[in-house]
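Chains A and B, in that order, are what the protein sequence lines are. Residue 51 in the working numbering sits at position 51 of the first sequence, with consecutive numbering throughout. Residue 32 in the working numbering sits at position 32 of the second sequence, with consecutive numbering throughout.
Keep in mind the hints are simulated off the structure, nothing from the lab. Every residue, glycine too, gets a C-beta built ideally from N, C-alpha and C. Just so you know, not all the hints are guaranteed correct.
[Stated by the list, open to error] Which stretches of chain B does chain A cover? Using the computed rule of at least three CB atoms under 8 Å from a CB of chain A, they are:
#, stretch
1, 138-145
2, 195-206
3, 210-221
[Unchecked claim] DSBU-like mimics (lysine-lysine), calculated; alpha carbons at most 35 Å apart, straight line:
#, chain 1, residue 1, chain 2, residue 2
4, A, Lys215, A, Lys225
5, B, Lys150, A, Lys100
6, A, Lys100, B, Lys13
7, A, Lys100, A, Lys193
8, A, Lys26, A, Lys225
9, B, Lys77, B, Lys150
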Amino acid sequence: MPYLIPRPHMNQISLNNVFHRYPGGKEVLHNINLTIDAGERICLIGSSGAGKSTLLRLMAALEQPYSGTVIVAGHNTSTMSTSELPYLRRQCGLILDDVKLLPNHSVMAHVLLPLDIAGIDRQSAQAQALSVLETVGLNQYTEHSPMSLSGGDQQRLRIARAIVHQPILLFADEPTTNLDADDAEAIGALFRKINLSGTTVILASHDRQLVTQFKPRLIELNHGKLRA
Amino acid sequence: MKTYLSAHWRALKTALYRLYHPPLMSLVSLLMIGTTLALPLACGLIIHHLQTLTNTYSPHPQINLFMAQDASATQFKQIEQRLQTHAGVSSYRTIPRAQALEAMKARTGWADIMAGLTQNPLPDAFIISTIDHSAATLDALRTELLAWPKVSTVQVDTEWARRLDSLLRLGRSALGLLAGALSITVLAIVFQSIQLQCMNHRDEIDVQGLLGATNTFIRRPFLYFGYVLGLIGGGIAWGLVSATLIVLNTELVQLSALYDIPLSIPPLPLEWGLGLLCAAAILGGLGAYLSVARHLWNTK
Numbered sequence: 001m002p003y004l005i006p007r008p009h010m011n012q013i014s015l016n017n018v019f020h021r022y023p024g025g026k027e028v029l030h031n032i033n034l035t036i037d038a039g040e041r042i043c044l045i046g047s048s049g050a051g052k053s054t055l056l057r058l059m060a061a062l063e064q065p066y067s068g069t070v071i072v073a074g075h076n077t078s079t080m081s082t083s084e085l086p087y088l089r090r091q092c093g094l095i096l097d098d099v100k101l102l103p104n105h106s107v108m109a110h111v112l113l114p115l116d117i118a119g120i121d122r123q124s125a126q127a128q129a130l131s132v133l134e135t136v137g138l139n140q141y142t143e144h145s146p147m148s149l150s151g152g153d154q155q156r157l158r159i160a161r162a163i164v165h166q167p168i169l170l171f172a173d174e175p176t177t178n179l180d181a182d183d184a185e186a187i188g189a190l191f192r193k194i195n196l197s198g199t200t201v202i203l204a205s206h207d208r209q210l211v212t213q214f215k216p217r218l219i220e221l222n223h224g225k226l227r228a
Numbered sequence: 001m002k003t004y005l006s007a008h009w010r011a012l013k014t015a016l017y018r019l020y021h022p023p024l025m026s027l028v029s030l031l032m033i034g035t036t037l038a039l040p041l042a043c044g045l046i047i048h049h050l051q052t053l054t055n056t057y058s059p060h061p062q063i064n065l066f067m068a069q070d071a072s073a074t075q076f077k078q079i080e081q082r083l084q085t086h087a088g089v090s091s092y093r094t095i096p097r098a099q100a101l102e103a104m105k106a107r108t109g110w111a112d113i114m115a116g117l118t119q120n121p122l123p124d125a126f127i128i129s130t131i132d133h134s135a136a137t138l139d140a141l142r143t144e145l146l147a148w149p150k151v152s153t154v155q156v157d158t159e160w161a162r163r164l165d166s167l168l169r170l171g172r173s174a175l176g177l178l179a180g181a182l183s184i185t186v187l188a189i190v191f192q193s194i195q196l197q198c199m200n201h202r203d204e205i206d207v208q209g210l211l212g213a214t215n216t217f218i219r220r221p222f223l224y225f226g227y228v229l230g231l232i233g234g235g236i237a238w239g240l241v242s243a244t245l246i247v248l249n250t251e252l253v254q255l256s257a258l259y260d261i262p263l264s265i266p267p268l269p270l271e272w273g274l275g276l277l278c279a280a281a282i283l284g285g286l287g288a289y290l291s292v293a294r295h296l297w298n299t300k
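Whenever a hint applies, use it, and build me the whole structure from the sequences.
Take a look at the structure:
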């Protein structure tokens, strides 16, 4: 697989004294200090409203902290310019609700999109996309609309799109929600496989089965605070 | 380079695909752009044609000097010599009576009348151009010329041309304003069209942004959409004006025969048409750029 490239071990994400609150809202994260190394597999756990998704979004540079610093792949997300941000995003894979599946695009078009954005030539991109679709088990659906796929296959497509450009970081928010046990297990196995290729995988999940299967470093949040 | 061109080719294909999906929305926009551009184009063409006609039939204020019927060839020569040395005359043209008669015979509708004449009723004449075109100088010269021997009539018949020229200048200024206003209208039409496109493809734009697309990448297919919209709109305007000219010229041919003036408007020159297409494409691209910039700003 093209993305099975080991990467040097280093601090990839570092959060220092991070506080976050939404405008007019209460504090969501309180004094978070955290370091994540390259190649780690992390699972953010905690009850609903504990701040898992917010922390994930801060680490994925989708939001900026109210105060404190978030360093991702050597870049301070609060001070980096808007023109630099796309290049950081290309080093990340996102499996979030925000990154929707597009009904009028084929499965292949979804997987080609990150490669087009990265400026990969079409021939290499197609080979790379096919390889990843094969990895997630969707190679027979290349010309299908994502809307014709099952929930599990749609999630596989999201994963394929997130990893096709060989990101160094993969973020997934509740990746097994609404999936049956078999699909959830398959997705868990896929994450493990991706992590073994060297990609740092950071999940936010309630799913105990996924946690057991994935064997990640657990980071527990409770009312916006890290639990020691 | 190949990858760069390939990215542009894909963006163009996306733009063309969006043009036909849904087709009705694009068609309405194209017709609006076409008719909006056709109006100043047609006005410009008519004014240009009128200007050409005015220049042909009265390029500058001229004085027509007619000799008396009984003036001899020697007296005609003497007047010509005086005109040659006159400080206020820039040039002149002689029209001997025989030549004037031949020209009259050649004119439509006059041949029969001329054939019935026993002798040439036309006088020898001079058409004089002056250095100074002011009304006072022309009047003074007219008086001076009238005093010369065997000069029968002196006409300074340029008022109508001057009035028409003033009207044409006013028309050109008005056309400039109209073209400016309608260019803004085209911008607005493209802007609105692309706004609708952005709304229809909002999810796609968001996803591209989250996957690391730069604004240039996101903007590219919309810019092509704007260029294509402008280009086809310009083509429609060209077609509309050409079709209108065909209809209009059918009527003008009859009018031309009555007045013996070539009133028929020539077809749109190629350079005008190409200029129109370029201008329309640029307006389309500019409208698209502004529209996507607004959308991206709002999204941010």
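### Query
Any hints this thing doesn't respect? Which numbers, in order?
1, 5
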